[in-house]
Amino acid sequence: MRSITPWARVYVIAVAVGAVLCAAPVRSAHAPWGAVALFAALCAACEQLAVGRFGGGRGHGGPGAAGPGGTGGGQPRWHTPVLLAGAFLLPPAAAALVPLPGALLVRGGEPAPWPRRLWRAGQLGIGAWTASRVHWSLAGPDAVVSSSFPYALVITGVAVVAFCLVLALLDGGILALAERVPVRLAWRGLFLRSLVPGGVHGLAGLMMAVLWRGPYGPVAALLVLLPMWVSWWAFAQYHRERAAHQATIRALVQAVDIKDGYTRGHSERVGQASMMIARELGMDDERVEVLRFAGILHDVGKLGVPTRLLRKDGPLTPEERRVIELHPEYGHEMVRGIGFLGEARSAILHHHERLDGSGYPYGLVGGQIPEFARVVAVADAFDAMTSTRSYSRARPVPAALAELERCAGTQFDPVMVRALVRALGRRGGWHPAVTADSVQSRRDTPHTPHTPPTPSVSRPAGSHPDGIPGQAGSKGGVT
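Residue numbers (the numbering used here): 10 to 488.
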C-alpha cells in the first residue's frame, strides 16, 4: 500500500479503535475461551494457506476486498467461513477477537505496513461483531443448536447481509481516503459484489456451526473446510493462469523498453494514466484492469519496427514515417490471440486515430474510434509531453494539459481530456519521469539550447508522429 494521507491514517486508527471497543466487553460475556482460541487459530491458518497458495499478501476478495485491506482482484477470503462460524457460535465481543491474530500476524510475500494490518484487523473485527450481534439478537444460536431449518437459514442470511454491508461501507471510506477514488464512485458496487461470495461463505459457516454443536464437535466442523479447499485449489489454478498473463505482458513491455530505450517506463505510465481516466469515467473494475493492459501494451508493435528508426535522432523521411505508422497493426497482430485482453486489442490498433479522421492506421472519425483507444490516446500523449526524451524536453503538467485541451475535439476526445484533468486534480498532480537513457544522453552531450528538428513531412496543425500535439515533424520514435 502506497503512502496514505493523514486523513486515511486517522480513518484506519478509528476503525481499529472501533474493533477494540467491540471486543472490550469480552470479559463479561463469559466467552468460551477454548473455542475462541480454536477459531482464531483456524482463521490465521486459513490466512497463511491463502498466502502460500496465492503467492503473497496482495489481499483476498469477497466481502471487504477493497482498500488497504487488500484489493485482490476477486480472490476469496479463505478465512471468511471460519469467521462467520465463530460469529454464529460466539458472543459478539468474542467473535470480534477471531480475525485479529490472522490479520495482525500473518505476513504475505511482502511485509505489510502497520496501516494495512490495523485496517484489516479493525475492519474484520467490526464485521464479525456485527454479524454475531445480528445473529444473536435473532436467537440464531438456539436455531443452530436445534437445527431449526429454514429459520436458521433466514437468520444466517440476515447476518451475512449485515456483515457484507458493514465491510462495504468501511471499504468505500478507505477507497476514498487512501486510494483517492472519487466519493461518488468509492462505494459503487461494493455491497452487491460481496453478496454472492458472502452468501456462499455464510452457508459454509452455518454448516460448520451446526456440526460444531453436533455430537462430534469441532472435528466434524473441520470437514467443511475440505470441499472448500478443493474449490480454492481450482481457483488457484485460475490465479496462476492470470499471473502467467501478467508475466507475458511484463515480458513484452520489457522487450519494447530494451528496443527503444528512449521511452523506457513510458508504457507503465500510460497504463497508470489510462486507469486514472477510466476510474474518473466510472468504468467497472474489470474494464479498468483491461484498459490498464491496453495502456501498457499500446506500443508493443514497436517490436516490428526497425531499431534504427526508433532511435533516429533526426527527422523521418516519408517512407520511414509510413513504416513507423505500421506499429499499431503490428501490435494488434501480436496480441490478437490473447483472449483475456478483450477491448485492449482495439486500443492497441487504434490509439493513433484522431477525431477529425487524420490519424492512422485507418483514419477513423469521432465515435468510430473505440472508447479504449480514445482513452489511451490521451494518456499516451500526456505522458509523452511530460517526459524528457533525447528529442524533447518535458513540459510542465499545466502546459501539457493546456495542449491536450487545445487539441480536444480534433485530435483527442474532450471527454477523456476532461477526465484526465479531474483525475490529476484529485491526485494532486503528476510526477513525470526522466528515462535512464535520457539522463545518460544529457550527461554525455554538451548543454546546448534545445532546437526542434526540421519538419520532415507536413502534418495537420498540432500533430506529431508520436501522437504528441504541437511538435510537428520532430523525431520519429513512437510514444
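One should not assume that every hint holds.
Here are the simulated DMTMM-like cross-link-like pairs (lysine to aspartate or glutamate), alpha carbons at most 25 Å apart as the crow flies [as the list claims (entries may be wrong)]:
#1 K268 <-> E338
#2 K321 <-> E277
#3 K268 <-> E342
#4 K268 <-> E328
#5 K268 <-> E334
#6 K268 <-> D322
#7 K268 <-> E329
#8 K321 <-> D294
#9 K321 <-> E334
In short, the hints are calculated from the structure, not lab data.
To see whether the hints hold, each was checked on the structure:
Restraint check for K268 and E338: the C-alpha separation of about 18 Å stays at or below 25 Å, so the hint holds. Pair hint K321 plus E277 holds up; C-alpha atoms about 23 Å apart against a cutoff of 25 Å. For the given pair, K268 sits about 19 Å from E342 by alpha-carbon distance, which is consistent with the 25 Å threshold. Taking the CA atoms of K268 and E328, the gap is about 21 Å. The hint holds against a cut of 25 Å.
Of the pairs offered as hints, the one joining K268 and E334 holds, with about 17 Å between alpha carbons and a cut-off of 25 Å not exceeded. Note on K268 and D322: the hinted pairing holds, with a Cα-Cα distance of about 15 Å set against a maximum of 25 Å. A C-alpha spacing of about 17 Å is found between K268 and E329, which places the hinted pair at or below 25 Å, so the restraint holds. A threshold of 25 Å between alpha carbons decides the hint, and for K321 with D294 the separation of about 39 Å lies outside it, so the pair is violated.
Restraint check for K321 and E334: satisfied, since their Cα atoms lie roughly 15 Å apart, inside the 25 Å limit.
The structure is inconsistent with hint 8 alone, although it conforms to all the rest.
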